[in-house]
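Those protein sequences? They're chains B and A, same order as listed. Using my numbering, read the first sequence as starting at 1 and increasing by one per residue. Using my numbering, read the second sequence as starting at 1 and increasing by one per residue.
Everything labelled a hint here was simulated from the structure, so no lab data went into it. Among the hints, a few may not be true.
EDC-like cross-link-like pairs, simulated, lysine to aspartate or glutamate; straight-line CA separation at most 20 Å [as the list claims (entries may be wrong)]:
no.	chain 1	residue 1	chain 2	residue 2
1	B	107	A	35
2	A	77	A	26
3	B	110	A	35
4	B	133	B	161
5	A	60	A	42
6	B	110	A	67
7	B	107	A	26
8	B	107	A	55
Quick caveat: nothing in here was measured; it's all calculated off a predicted structure.
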Amino acid sequence: MAATVGVAVFPGTNCELDSIHAVESLGGNARILWHSHKNLSGVDAVIIPGGFAHGDYLRPGAIARFSPLMVAISEFAKNGGPVLGICNGFQVLTEAGLLPGALQKNKGLKFLCKTVRVRIETENSTLTRKVKKGAELSLPINHFEGNFTCNPETLNSLLEEDRVVLRYCENPNGSINDIAGVCNETRNVVGLMPHPERACDLLLGSEDGKVLIDSLLEAN
Amino acid sequence: MKRFQGSLSRIGLAVGVSLVFSVLVDVCLRKGIADPAGSTIERSLPTLGFSNVRDVNVGKTIRFVIEAEDEKEAHEKVESICSTFLTNPVIEEATITVENMDQVEGN
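Here chain B stands alone, though its shape is the one from the complex (with noise of 0.2 Å):
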């Protein structure tokens, strides 16, 4: 049966039709998650996608990680569920510690809006199992807060470990160490700034997303 992923929606995001359209276009299942929801309602993975939950204020994911929604989705990921945050879903997941470190404004403070190349670092994680090591995609970004960051310990367990899941070729925004996607201990929480769900569809200039995504799908 093919997996229901469910796509959290938060005032401000905008990124949920772009998300729902990938899942469906590889054969899933999407519902919308409301922000204000206090369960899950039974699906088997999460996309927390872009846009500016609670416009961002405070500081972007800040307000997000207190809605109803990221408790249960907090549940979810500690029982292993697959948990993918795109770009603005990447800082509600750092925000909520479910993720490590912190995403600051880019370097050179300027809105990023283009196509860069990333690399595959690790085939073990959530959103990375049907891609090979060392694979590069092209895969758009859109963010002004996008500049991972995290103190030397941190840095150095995500390397021991290997939860560095993607790097950018060339680095846009500073993030710490190319660093453009992080997981989760347990490798099924999963947070990048390039969006993968816009990149499914040769119309839009890249399908290099597809292979993420579909990872994302059979992850249970």
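Since the structure of chain B is provided, determine the placement of chain A on it from the hints.
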């Protein structure tokens, strides 16, 4: 007691045993965390004719009013608000200033 009960009701807060404090939270980036906004301002200062300026750090301030039994409790509450919500401890730290509003008003 009567004196500050009067001032409490004047500013529209519940009258009880608690005191009212005005709070200023000054959030700045931790040392060692890159501050792109600060360094951009710093780089632009010489071109505007201001020299010898360094260590520019851009943060934010948050002001609010809180009720508490005493100043110690007010401080503890604000510290808890800061560490769970107002700052991201991975990159930011806060300096907290708490003032008893009755004392500030001097009445």
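Results of checking the hints against the structure:
1. B:107 <-> A:35: Status holds; Cα separation ~8 Å.
2. A:77 <-> A:26: Between residue 77 (chain A) and residue 26 (chain A) the Cα gap is close to 16 Å, so the pair holds against 20 Å.
3. B:110 <-> A:35: holds (13 Å)
4. B:133 <-> B:161: Roughly 15 Å separates the two Cα atoms, so the pair holds.
5. A:60 <-> A:42: holds (17 Å)
6. B:110 <-> A:67: violated (41 Å)
7. B:107 <-> A:26: The hint is violated at about 23 Å.
8. B:107 <-> A:55: Satisfied, since the Cα-Cα distance of roughly 17 Å is no more than 20 Å.
This entry does not satisfy hints 6, 7, going by the numbered hints stated previously.
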